[in-house]
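Chain by chain, the residues:
4 protein chains.
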Amino acid sequence: MVIILKEHANKGEVEKLLHDIQDLGLNTHMIEGEQSSIIGLIGDTTKINADDISANDVVEAVRRVQEPYKLANRKFHQDDTVIDVEGTKIGGTNFQIIAGPCSVESREQITEIAKDVKKSGARFLRGGAFKPRTSPYAFQGLHDDGIKLLLEAKKETGLPIVTEIMSIAHIDLFADVDVIQVGARNMQNFELLKELGHSDKPILLKRGLANTLEELLMSAEYIMASGNENVILCERGIRTFETATRNTLDISAIPMLKSVSHLPVIVDPSHACGIAWMVEPMAKAAAAVGADGLIVEVHNNPAKALCDGKQSITPEAFDKLVKDLRPLVELSGKTL
Amino acid sequence: MVIILKEHANKGEVEKLLHDIQDLGLNTHMIEGEQSSIIGLIGDTTKINADDISANDVVEAVRRVQEPYKLANRKFHQDDTVIDVEGTKIGGTNFQIIAGPCSVESREQITEIAKDVKKSGARFLRGGAFKPRTSPYAFQGLHDDGIKLLLEAKKETGLPIVTEIMSIAHIDLFADVDVIQVGARNMQNFELLKELGHSDKPILLKRGLANTLEELLMSAEYIMASGNENVILCERGIRTFETATRNTLDISAIPMLKSVSHLPVIVDPSHACGIAWMVEPMAKAAAAVGADGLIVEVHNNPAKALCDGKQSITPEAFDKLVKDLRPLVELSGKTL
Amino acid sequence: MVIILKEHANKGEVEKLLHDIQDLGLNTHMIEGEQSSIIGLIGDTTKINADDISANDVVEAVRRVQEPYKLANRKFHQDDTVIDVEGTKIGGTNFQIIAGPCSVESREQITEIAKDVKKSGARFLRGGAFKPRTSPYAFQGLHDDGIKLLLEAKKETGLPIVTEIMSIAHIDLFADVDVIQVGARNMQNFELLKELGHSDKPILLKRGLANTLEELLMSAEYIMASGNENVILCERGIRTFETATRNTLDISAIPMLKSVSHLPVIVDPSHACGIAWMVEPMAKAAAAVGADGLIVEVHNNPAKALCDGKQSITPEAFDKLVKDLRPLVELSGKTL
Amino acid sequence: MVIILKEHANKGEVEKLLHDIQDLGLNTHMIEGEQSSIIGLIGDTTKINADDISANDVVEAVRRVQEPYKLANRKFHQDDTVIDVEGTKIGGTNFQIIAGPCSVESREQITEIAKDVKKSGARFLRGGAFKPRTSPYAFQGLHDDGIKLLLEAKKETGLPIVTEIMSIAHIDLFADVDVIQVGARNMQNFELLKELGHSDKPILLKRGLANTLEELLMSAEYIMASGNENVILCERGIRTFETATRNTLDISAIPMLKSVSHLPVIVDPSHACGIAWMVEPMAKAAAAVGADGLIVEVHNNPAKALCDGKQSITPEAFDKLVKDLRPLVELSGKTL
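Chains as they are written, first to last, in the numbering used here: chain A, 1 to 336; chain B, 1 to 336; chain C, 1 to 336; chain D, 1 to 336.
Only chain A is shown next, with the shape it has when bound in the complex:
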C-alpha cells in the first residue's frame, strides 16, 4: 500500500500517521518528492482499509499494491482448486456442464429435462426452487416442493443438483442439495455468505450485475474465511449502457479470474445476453478462453416457461450445443 501525502502536509500529523501505521504491525518507508511525498507500507496490508487511511487530513490518496484477498489468491495457492461432487470434478482439466430449467415447474418437466440433458452430456442438473424476480407479481418458484422434485430427478438420473438459495432462513431445506448457488443479486449478501462458509457444500457464486472481479473474489473470500473453500466462481454478464443484450458477457473475466485465483470459473451464457440464440456463441467463447464449465438454461417448451423462457434453449438445441462444444473444449486442453 502506498499513501500519497498532501502538499505542505503538517509534519507533526504525518509523524502521528506513521506511528499509527507502525502500531498496526507494518513498516513504513517515506519518499519525499518535489511536489508530493509518499509513504510505502511494508507487510501484510490485507486487513487495512484504504478508505480509513484516506480519512486522515494529511492524506491525498491511497493506492493498493497487494490484492485484498488471500485465501482466493493464486499467489498463495498455485494449483487449481478441483472440487469433487459425488465423484464429478469441477476445475483443473475438467469442463462440466450444468443444465436444466430456470424454474422447477412440475415432476414431469424436471425429470424429462434431466434425462434429456444427461443424455446430451450434462453432468449436473440445475433448476430454480426459489426464484429472485424483479416483480413481486411474477412466479416466485415452488420453494421446498421444487427442491423435492429436483431430488426426485436426481434419484432418477443420478445427476447431482444445483439450486439457488435466497435466504439463510431456508438453509435446512438445502440439506440434500449438492451445490448451492448464490445468485448475482446476493453476491454481496454478506450474512448469507458467512453462513454458507459454515457449510461443507460447494458454493456456486455468481458475479453481481455491477460488481468488479475484485469484489467477486472478496465475496468468495467471505465464504472461504468462514471455513468453506469449495467455491466456484461464475461470470454471468454485467450491466452496461448497451441495450441490445440484457447484460454484457465479460469474457475477459474468465482468463483474468483464473490468473489471479485458483478457484474454478464457469460461465452462464443464458443470463449473459438473455437471448436463446446467443447461448451457443457465448458458450463457445467461454470454452475457447478456458472456462471450467457452463451453467445453461434448457426448457422443453420455452414459450410456456414460467420464467426466463426468452433465454432458454430446447433439449435439441442443447444436444447440438454440446456436440459443437467438444472440439473447442479439447483445444483448450480440457475434457468435456
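Relax, there's no trap hidden among the hints.
If chains are identical, the list can't say which one is meant, so a pair holds when it fits in one copy or spans any two.
Once the Cα atoms are required to be at most 27 Å apart in a straight line, the calculated DSSO-like pairs of lysine-lysine come out as:
hint, residue 1, residue 2
1, 11, 75
2, 70, 89
3, 89, 320
4, 194, 148
5, 47, 6
6, 47, 304
7, 323, 334
Rather than coming from a laboratory, the hints here were simulated on the basis of the structure. All values derive from a computational prediction rather than experimental measurement.
Based on these hints, arrange chains B, C and D on the given structure of chain A.
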C-alpha cells in the same frame, strides 16, 4: 404492452399467441404494417412478464407501455405519502435530516454524536450495528450491542433511530428500531423485502449500485405488496465508469422518482461520492431539486472511525451544513 | 413506431398530431386502452426522430419498432458483404488478420514487423501514423512520414496497409492507403464519416468506447449513405465500471452485429483489455463466435514501444497465436 | 508515480528499468517489501505514460501520484480563470446563462428567441448551425447560413454567440463567432482541439458521453498546450445503465472540476436528461453546487423544433427558470 411480430410470422402461431394473451384477461388489437405487424394489449399488464412473451417464436420484441409497479405509482395515488415516525413526518412539505456515524462504536461515541447532530437540526439518529463490508477482514459492527447503544442514545436525546438490517435472521433485534434501513447491496434481496412487508415499521430503501429507478420502485412494490406502505426511497449514488468519485450521485433520480411515485425520496450525500468535502455540495443539490431529506454520516473523529471515515464530516461541519441548507430548503417549498 | 399518449390527452391535440404524422406520408392506427392509448405508425419510419415526436405535449413516450438503419440492415441485404482489397477478401467465409505495431516508429521497425507478421499469416499490415493520445505530451505519430514508411513496408512485403485517419484535413495523405481506419474516438465524428463516404476505399470503423451497437450501425450508415458501402465494423472493447481490464470486450457484439447487419465484423483483442497476455484468449473468443478477423498489435520490443507497449505482443507470440487460432477458425466454418 | 514490481522480478531487468527512468531525468527510490517491491519516481512525471512502463516484463502495475495535466491544474494556477467575452465575464463570481435553440432554423426563429432569452436574463445566445446527429437522415443544420443568422441575431440583440464546430475544415466560417463549442462527441477529436488551441477565441468544451473528468481536463490541456488558455468546461450528462433519462447528470463533476482546475465550469441541463421538465431541477442543482453558468435549449415551439424538441423549454418557462435561479445563485456567492 406492445408486441412486435417477426416478419413473415406463421399465422397459426400468431393466432395461438393472441388466444394465450386473451386467456390472461387482456384484449388484443392487431396493426399490420408494411414490414412488421404489432399487437397492442389492452388491460392491466402489470402481471405479465415481457420476457416470457419474447420467448415466443413469432415475437421479435416486446415494449412496455405501462409501468410495472402499481402501489408505488403516483398515477394511482396522487398525493404525497407522508410517513409519521413518533410525530416527526417524512414526505410532503417536510425536509428531514438523518445523521450519525457510519458505525456505532461505543456508548460515548454514539451519545455524543447524537447530542451534537440534534442540536444542529437532525431529527433522526443513524448508526450502523450490522455493517456490510466488502472485506471479511473489515470491522463488521457491534451487532445487537450496537442496537442497544442506539436505543440508549435515543433515550438520552429523543431522536428516533435508523439502522440497517442485513438478514431476516436478525429481525427480532430490530423490534425497537424506528426506521429499518435496507442497504444498496440488499435492494434486490427479495426474501428480506417480503419479510419487511409484514412489518409495520417505515423502511428506508436504498437504491442498488447499478439498479434502475424502475427496479428500485419494483423493490418498494415488494414491500408494499406484502402490506407495508411506509417506504422511503433513497438515492445514494450509482456505479459508473468515473473513478474520481466512489459513486456518481444521480441527481435526476430525485425529481424523476417524485414524478412517477408518491413515496418520499431522500439522498445520501456521504456514500454518493465517498468524500467528506463533497457532502456539502451534494446535500445542497439534493435540497435544490426537492428531495425530502438527507441521511448524512457524521463522526466526531473521522480519521479514527472504524469505517467510512473518508466520507464522514465532523459535528462542526454538520452544523454549518444545516445552516447553509435552510435557505435552499425554503426555496424548494419545504421546511427543515 | 408506437406512440404512447398521456392519460387524458387533449383530443384536439391528438388529432393534430395524427395529421402531422400523416403529412409525413405514414398511416396511423389508434388503439384506445383503459389507462393509456397508443398510436401505431405504418410505413417507413427511418427518417422520423423519436425524440421530436416525444416533444409533443400529448405524448408520454415513443417506442421504435423498426431499426433506424437501412443500408447496413441485413433485412434489406441478406448476403454477407465481402470486401475485396487487392485480391484479399474480408467477410463471408474468410478470417483475416491485420497485424502490426501501434505506431510506425522507423523504417527498420515497420519493415521487420511486416515481414514477421506476414510469415506468420497476417494478410494486412497495420501501423499508426496519426495517433490519438489522451495526453498532448505523448508521442503523436510520425504523420506523413509514417504513411510513407508503411507504403515502403507494403512494397517490401506486398501486404496491403491499414492506418487511422484523424482529420478530414489529412485525407490526401491517405491516397495510397488500402484500408482507412476510423478510431473509437471518431466513431461519431460525423463530418469525417460523410467525407469518407465519398471515398472508394474500405473503411474500418471502430466502435466508440460507450456507443451502442445501434449507434455503430448508424455511423456505418453515414458512410454508406454518402456512397461508400465498403465498411468493416470493429469491436474493440467498451467502457464499463470494471477496472481490472482497460476496457471490456463485448463478445456478444459480434454475433449480434452479424445477425442484424451484412457488414463484416472484426475484433481488436489488443485494445479490448489493454494487456498483452490477454490478446490470445480474446482472439480465440472472437474466432469462436464467428468474427471475420482480427486487428492485433505486434511490436518487436514492446517495452520500448513509443505507444501501447503494454498491450503489444511479440512476433513470436503472434506466430503462436495464429497457429493456435487455425483450428478454432476452421470450427467456425471460416478459412484463415 | 509508483511502480509495483512483480514478485521474483529479475534483478538485472529491474536495474535496467531504473536506468531507463533515470535517463528520463527522474530520480528513483526503491522500497523492498516482503511480497512485493515498489519504485517511487521523483520529479515531473507528466510526460511519462504509465502504460508504457507497464509493458516492462518486471512491472506488475503502475500507479499515478500526480495529475497528468499541468496547465489546467489548480495546483499551479490557484486563482479562478475569468474569461472576458466582449465585456461579459465567465468564471469567478459570475453566473452566466447561454440560451437559445438547439438548431438555428430561420431568421425569425433565432431573432425572436434571442430577444426573448435576453429579456429574461441570458447573456449569450446559443444555436446550432452544424448539428451532430446520430442518423444521417436527420436534419443536419443550416451550416454557414446558420452562422449568418446567428450573427444577425447578435446585431439585433447585442448577445455574443456560442455555436458548435464539427470540423477543422469549417474553421474560417467561425471567424465572427464569439465562443466556439466543442461537442461531447468531439471531446477527443484531438486534431480539432489542437487547431482550436491556435485560435484566440474562448472554447466551450463539453465532456464526452463516457469520458472521465481526467480525460476532460486532458482535452482542455490539448487546447491550452497549443496556446489558447480560454477554455470553459461543460458537464452535460454521462452515459450509464439508467434508461429513465437520456443521460445521467454528474452533479459531482462540478465541485470536483472546480477543486482540481481553475477553469470555469458550466452545466447543460437540457442534454443532461433529454427531458424538458427536468431542465429546471437540473439547473437548480447546478446553481446550488457552484457552477459558473448554464447552457440551456429554448425554443418557441418545441413540438415543431427540427431537433431536440423533447428537451427544449419555451421562452416562458425559461423566464420563470431564471427568476427561480436568482436566489439560488446568490446563495452560492455568485451574481446572475
